[in-house]
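Given chain A, work out where chain B should sit, using these hints.
Here the protein sequences come in this chain order: A and B.
Heads up, the first sequence is in the UniProt record's numbering, so the first residue is 1 and it goes up one at a time.
Heads up, the second sequence is in the UniProt record's numbering, so the first residue is 1 and it goes up one at a time.
Please note that the accuracy of each hint is not assured.
Computed beta-carbon distance windows for the label pairs [claimed, not checked]:
no., chain 1, residue 1, chain 2, residue 2, range
1, B, 535, A, 454, 21 to 27 Å
2, A, 170, B, 586, 42 to 48 Å
3, A, 454, B, 64, 50 to 56 Å
4, B, 300, A, 99, 50 to 56 Å
5, B, 92, A, 97, 19 to 25 Å
6, A, 488, B, 228, 57 to 63 Å
7, A, 500, B, 228, 56 to 62 Å
I should point out that these hints are in silico values taken from the structure, not numbers from a laboratory.
The C-beta atom is built at its ideal place from N, Cα and C for all residues, glycine as well.
Residue strings, one per chain:
Number of protein chains: 2
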Amino acid sequence: MVTRLSKFFVRTLREDPAEAEVQSHKLLVRAGYIRRQAAGVFAWLPLGLRVKAKIERIIRDEMAAAGAQEVHFPALMPRDPYQATGRWDEYGDLLFRLHDRKGADYLLAPTHEEAFTLLVKDLYSSYKDLPLTIYQIQDKYRDEARPRAGLLRGREFTMKDAYSFDYTDEGLDASYFAQRDAYERIFARLGLEYVIVKADAGAMGGSRSEEFLHPTAVGEDTFVRSAGGYAANVEAFTTVVPSPLPFDEAPAPVVFDSPNTPTIETLVAHCNAVLDGEYTAADTLKNVVLALTHLDGTRELVVVGIPGDRDVDDKRAEVAFAPAEVEAATPEDFAKHPLLTKGYIGPWSATGPVLGEESATGIRYFLDPRVVDGTRWITGANIDQKHVHSLVAGRDFVGDGFVEVATVRDGDPAPDGSGPVHLARGMEIGHVFQLGRKYAEALGLKVLDENGKLVTVTMGSYGIGVTRILAIIAELNNDERGLVWPASVAPFDVHVVATGKDAAAFELAEQLSAQLEAAGFDVLYDDRPKVSPGVKFGDAELIGVPRVLVAGRGAASGEVELWNRRTGERETLRAAEAVARLIAER
Amino acid sequence: MVTRLSKFFVRTLREDPAEAEVQSHKLLVRAGYIRRQAAGVFAWLPLGLRVKAKIERIIRDEMAAAGAQEVHFPALMPRDPYQATGRWDEYGDLLFRLHDRKGADYLLAPTHEEAFTLLVKDLYSSYKDLPLTIYQIQDKYRDEARPRAGLLRGREFTMKDAYSFDYTDEGLDASYFAQRDAYERIFARLGLEYVIVKADAGAMGGSRSEEFLHPTAVGEDTFVRSAGGYAANVEAFTTVVPSPLPFDEAPAPVVFDSPNTPTIETLVAHCNAVLDGEYTAADTLKNVVLALTHLDGTRELVVVGIPGDRDVDDKRAEVAFAPAEVEAATPEDFAKHPLLTKGYIGPWSATGPVLGEESATGIRYFLDPRVVDGTRWITGANIDQKHVHSLVAGRDFVGDGFVEVATVRDGDPAPDGSGPVHLARGMEIGHVFQLGRKYAEALGLKVLDENGKLVTVTMGSYGIGVTRILAIIAELNNDERGLVWPASVAPFDVHVVATGKDAAAFELAEQLSAQLEAAGFDVLYDDRPKVSPGVKFGDAELIGVPRVLVAGRGAASGEVELWNRRTGERETLRAAEAVARLIAER
Chain A
1 MVTRLSKFFV RTLREDPAEA EVQSHKLLVR AGYIRRQAAG VFAWLPLGLR VKAKIERIIR
61 DEMAAAGAQE VHFPALMPRD PYQATGRWDE YGDLLFRLHD RKGADYLLAP THEEAFTLLV
121 KDLYSSYKDL PLTIYQIQDK YRDEARPRAG LLRGREFTMK DAYSFDYTDE GLDASYFAQR
181 DAYERIFARL GLEYVIVKAD AGAMGGSRSE EFLHPTAVGE DTFVRSAGGY AANVEAFTTV
241 VPSPLPFDEA PAPVVFDSPN TPTIETLVAH CNAVLDGEYT AADTLKNVVL ALTHLDGTRE
301 LVVVGIPGDR DVDDKRAEVA FAPAEVEAAT PEDFAKHPLL TKGYIGPWSA TGPVLGEESA
361 TGIRYFLDPR VVDGTRWITG ANIDQKHVHS LVAGRDFVGD GFVEVATVRD GDPAPDGSGP
421 VHLARGMEIG HVFQLGRKYA EALGLKVLDE NGKLVTVTMG SYGIGVTRIL AIIAELNNDE
481 RGLVWPASVA PFDVHVVATG KDAAAFELAE QLSAQLEAAG FDVLYDDRPK VSPGVKFGDA
541 ELIGVPRVLV AGRGAASGEV ELWNRRTGER ETLRAAEAVA RLIAER
Chain B
1 MVTRLSKFFV RTLREDPAEA EVQSHKLLVR AGYIRRQAAG VFAWLPLGLR VKAKIERIIR
61 DEMAAAGAQE VHFPALMPRD PYQATGRWDE YGDLLFRLHD RKGADYLLAP THEEAFTLLV
121 KDLYSSYKDL PLTIYQIQDK YRDEARPRAG LLRGREFTMK DAYSFDYTDE GLDASYFAQR
181 DAYERIFARL GLEYVIVKAD AGAMGGSRSE EFLHPTAVGE DTFVRSAGGY AANVEAFTTV
241 VPSPLPFDEA PAPVVFDSPN TPTIETLVAH CNAVLDGEYT AADTLKNVVL ALTHLDGTRE
301 LVVVGIPGDR DVDDKRAEVA FAPAEVEAAT PEDFAKHPLL TKGYIGPWSA TGPVLGEESA
361 TGIRYFLDPR VVDGTRWITG ANIDQKHVHS LVAGRDFVGD GFVEVATVRD GDPAPDGSGP
421 VHLARGMEIG HVFQLGRKYA EALGLKVLDE NGKLVTVTMG SYGIGVTRIL AIIAELNNDE
481 RGLVWPASVA PFDVHVVATG KDAAAFELAE QLSAQLEAAG FDVLYDDRPK VSPGVKFGDA
541 ELIGVPRVLV AGRGAASGEV ELWNRRTGER ETLRAAEAVA RLIAER
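Chain A on its own, in the form it takes in the complex (with noise of 0.2 Å):
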């Protein structure tokens, strides 16, 4: 069928929305194919349907080609399964929780891991079943502090969720990369370029876990990548650990008065002032006090010694100490540990007590793993106004153990050996990962074996966010007069514009129309009466369909413009030749 755009359910706007940050929130509005309804929370007009349903028919047609079968649960799950994981506590001040008319707890749930778990163990006893892969294309919901930038962080939004069950190792292995695969592909008809990065499995507990990032400067996420096929986020990149040095004939350490250094830059000035030699901030330990709240809500002081050139990274130290969360000392904090001296802070002191050791301070003490046995450093005293220089880890002070917390940088050793790391921005744009047992332990999904013995089934989850994925789309492809669709999810295939007021470029537009839809393509027909061709090539260029065919002047002679939309060119042709030419580059 035609859509005409007299009768079509949209209007574009001339302003940008005011609450719209980034330029696919603005653009998608702009051009009607989303309204908001409440923050992070949408409707979609029949333009951003038609989107929304070419990228999940997209998803469907991979998802059944890698042999995954499409099942579907509601938004409203009871709280007992997510009780049994510990996640109804652990999604915190995210999930949006509500209790029915008898007083019983439900959540609007922000994945469904619980519930596959439970469905699989409901249905299946056997190896014999396995391996199984089931996914639905659903809403999910998670009540973010700060929705914004439309649909790339929506409160309400739509997620292709996928989980396999194995009940062995390489059976997962196997299910994983399939899946994988399939993005692959996804990305691929998405006209998508992806990095597939190492990711942290950390709280969910599994052990292989990668991210597929789009990379894009204004990405919102930081990731690495070496020359020689290295790639992780942040979170996920292990600092390469250099071999213990010899200390037996290392000096004792000095302390030494260092009036008004509380940071690193006065700390080294100071150095190179007083001391021998030449030194940079790569010398000095900084000693980082943070405050972690635990699950049951108790707050813990730990410190965290690093190279005094690298700060600590919130992401990093968020996963490092998850599921505790993590934040910067407090002023307060201080005030009840006389013991950290502020700015002189150090893993030992001449006169106070020894951080690492439990006992005399009650605070854990962790080290950059740069930290080995044998490095020397110039570090606080824990003495007001005083440093120390010469302090050798592992024979003065040791740590409670190895944390990676501290920044990565252009240039760090890739783990694997495959040379210097550089970093990139990225968005994500999916994620598998491999949990593992977790929740089938948690939930009692076991099957048996070929000996007849129970085994708990591990499990892999996949995601892709829908309705964030046509956000990126939205933002990766637009210019300063729209949105320009890849062909492969635009929602239309060709807008004819009819322009002037002679009725034979109606009536050429008309037919055309009729032509293309016949042919197989999606045709929106731009018939309005009386609206001036600025405005009508305006439209077409914000709503952004690919190609546009424009029957004017020529109209009565059997010219029309054939329109690029992305390279901006145009052609005249003989009608006809213009529906070959849209045919043939199908």
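Below, chain B without anything else, positioned relative to chain A:
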């Protein structure tokens, strides 16, 4: 793609699920179409999702044919628009309410009149934009007090809801009938017999309102119809009002002793014993005390006077007094109103106050429409153990108005003069109604008309419960062995079964599946290698695909059995003949 049962995510159950009350619920769970997640909340397995998708496809086809355009609203909606129309409160306990991390109020939408109205207000401003009909197929929420009967009345359910927008009443009529016609086509394609009955427009404030009911003895709704073509649900049935009778000559009322006659039965027996003449319940006026709970929470007692041979019909009373809630008066209510002499209440008393005069009791008194001026009644005297006879309506008492709360009976005259009505039962499968200007007024949806004047838009609302329809089809199409789907919504077109240990059977079944697939059929192929024919046949009958093709013993000589699931007919045919037969009957 041929779906292989060996890999298909389905398991059939031998036992009915404990919580299931109705046949559709039992069978949809047993045959592996759905699984319960919470009361009235279900997950969809691949089989169920296929049937649901087929129903949705038919609805989308017919919506497009009727010129309706698809949009999609969030389930999570802010409170404001529902507050503006009063429905935030009116819905009471039926509404799932929740708040976000900032404390803002949200609801899970039970229907979207407000949102559609506001969206049209946002986009449109001129009569030239109209008419418009937009719809969605979307998951809705109602916190039913007794979610039961599986999908027939779920708490999360899928609806097609359409809304029309016009600026004239004639336009609304046209939009209304376009949807009504589409519904007729949809139900015809779904194989669902229907009666279109007048429904109460009631609380929605509109004018025309009709329900599509499927007539069935097990239906939850009662409706009436006449041989002459009248049809209405009992809530919408209107009583034919008799002409007033002259009462100039009528004798004066007489109070008489009537000990131990608090019921109509005992009263009639007593009258026949002590009074002249022969009496029936129809000669008595029964006065029923009802308690209304108004939206603001106040409780009001009212008395309704109806002929003694009828009862108060709860549903008719609900409609008559909407939006107040109605229940029978409690002993506490009577205790608070000593003037109400239980069992002997009348409209009038020689000694007590006249009901209907607020000054006397403060209790409003309503009458059945049959209690016209001049009718004579035996009724309570408002004195314990006493009744009154020869009490004349319009002379001895008047009411505060007429209400349609009395039961409708077989033989009552249809209001359109088309003869006596008969009661029947049905299930609601669709509802079309004219909202009129209620929502547009509450939310300020106006457009400029031809004369440049702002006029309020008039709306219609048109709903089909997708998941409810699916359950109704299952409810109507089953036998003792399982489901029997109509071809238009069956999860597969053909169920191919290979039986026995003979490789030839599996090879032939495989070939036939591929052939049918190539011919455009959705094929489910039972390729399970070590499952007995009995189990396979049992599963095929339970799952209910309309055609079953069995390759068994005869396979080696090229013979198959073609089953008709509905009739039970089984034919032995050459394989090629069976395929040709299936293609021909399509």
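Cross-check of the supplied hints:
1. 535/B - 454/A: 21 to 27 Å: Holds - the Cβ-Cβ distance for residue 535/B and residue 454/A, about 24 Å, lies within 21 to 27 Å.
2. 170/A - 586/B: 42 to 48 Å: 44 Å, holds
3. 454/A - 64/B: 50 to 56 Å: Once the Cβ atoms are compared, 52 Å apart, the range 50 to 56 Å for residue 64/B and residue 454/A holds.
4. 300/B - 99/A: 50 to 56 Å: The hinted range 50 to 56 Å is violated for residue 300/B and residue 99/A, with Cβ atoms some 31 Å apart.
5. 92/B - 97/A: 19 to 25 Å: Holds, at about 21 Å.
6. 488/A - 228/B: 57 to 63 Å: 58 Å, holds
7. 500/A - 228/B: 56 to 62 Å: 58 Å, holds
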